[in-house]
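Trainee: Sequence:
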Amino acid sequence: MKKYLIILVLIASQTAFAQFDYGFDFSKSGTAGYQFLKIGVGAEQIALGDAVTATVHDAAAVFWNPAGLGWLENRQVIAHYSNWLVNSKHSAFVLAFPFKSLQLGFSVVSLNVESFEETTVDEPLGTGRMVDAGNVMAGFAVTRRFTDRLSIGGQVKFVQEKLDDLTFNNVLFDIGTIYFTGFRDLRLAFAFQHFGPDQTFRDQKFKMPLLFRVGAADNLVKNENFRVTAAVDLLHPTDNREWVNWGLELAFLDALALRGGYRMNIDEGNLTLGVGLMSPNVAGFQPKIDYAYSSFGDVFGAVHRFSVALNF
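Take the sequence shown: its letters are residues 0 to 311, numbered as in numbering that gives the first Met the number 0.
Please note that a few of the clues may not be correct.
[As the list claims (entries may be wrong)] Only pairs whose alpha carbons sit at most 30 Å apart, straight line, appear in this in silico DSS-like list of lysine-lysine:
(1) K161 / K206
(2) K88 / K221
(3) K99 / K221
(4) K161 / K287
(5) K37 / K287
(6) K37 / K206
To be clear, the hints were calculated from the coordinates, so they are not data collected in a lab.
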């Protein structure tokens with residue numbers, strides 16, 4: 000299995016780092032389409048500063064690293080919602096099933112933007128005509144847990160972006176793996192997200208927001224009553240500069256979790272905090288509620304995100 004893991008890492012690394020612009024230091028912001036795919040899903044993961052490539056192990060894995068589905072023990076459904084920036088609403092729904100030989104995940108994400116007034120070069124203050132915009136993604140993920148230490152997953156997703164009477168569609172792919180090293184509880188992971196063909200509009204091509212994630216995590220403390228997990232992610236997008244995510248979770252009796260994270264080398268949304276409440280299993284059902292706070296500075300203020308999960 001180690002051979003397959005090494006091959007996957009090499010392929011993903013070569014593909015991602017082939018996009019590097021060596022010798023230059025600029026953000027490349029705005030050079031790719033479908034930016035809504037970068038908005039995190041899952042209050043638990045967001046509260047950890049998005050440092051979850053190696054830690055995600057529930058249905059929300061389809062949004063970060065599909066290999067995380069390999070550690071899912073029960074059927075699970077997660078609903079996510081937030082009032083996003085500039086009067087937009089971000090929501091998601093995912094349903095995951097573990098089977099004997101593989102795990103499946105089905106997901107839908109939408110970003111709805113409040114109608115706004117059209118502006119033109121001739122009428123910069125507004126034409127009086129209202130414009131609608133929005134984005135949607137539907138995904139199907141398949142993961143295989145090969146051993147008790149290695150899982151590999153992939154996802155295909157249909158994405159659509161709409162602005163007034165313009166509609167763009169594309170099909171993108173994700174791939175990832177999680178590997179438990181056998182040293183303490185250390186696990187290593189990588190994920191390659193949003194890979195697909197360029198989008199063409201009026202003879203111009205727009206690249207996809209490719210993202211290569213490498214992560215590591217370990218339980219610093221772990222016993223029957225208390226757990227402390229630390230995680231770090233290194234991220235390389237092809238349309239922005241690289242950044243680092245840090246996350247820390249304190250879990251008590253598998254009932255309460257306190258989380259914090261920090262994202263380095265990005266302009267907004269650095270600090271994240273959150274809490275999770277987990278109920279015991281009752282008649283085969285186990286609900287969980289998570290909350291995440293993200294600070295986006297003086298301009299956009301705070302963003303509050305909520306997720307509700309149910310194991311059954």
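Trainee: Each hint should be assessed against the structure and marked as holding or not.
Mentor: These are the hints, each one checked on the structure:
Among the hinted pairs, K161 with K206 is consistent with the structure: their alpha-carbon atoms are about 17 Å apart, no more than 30 Å. Under the criterion of a C-alpha separation no larger than 30 Å, the hint pairing K88 with K221 is inconsistent with the structure, at around 38 Å. Restraint check for K99 and K221: satisfied, since their Cα atoms lie roughly 28 Å apart, inside the 30 Å limit. For the suggested pair K161 and K287, the alpha carbons sit about 33 Å apart, so the restraint of at most 30 Å is broken.
A hinted pair counts as satisfied when its Cα atoms are at most 30 Å apart, and K37 with K287 qualifies at roughly 24 Å. Proximity of K37 to K206 is assessed by CA-CA distance (about 14 Å); at most 30 Å being required, the pair is judged to hold.
This entry does not satisfy hints 2 and 4, going by the numbered hints stated previously.
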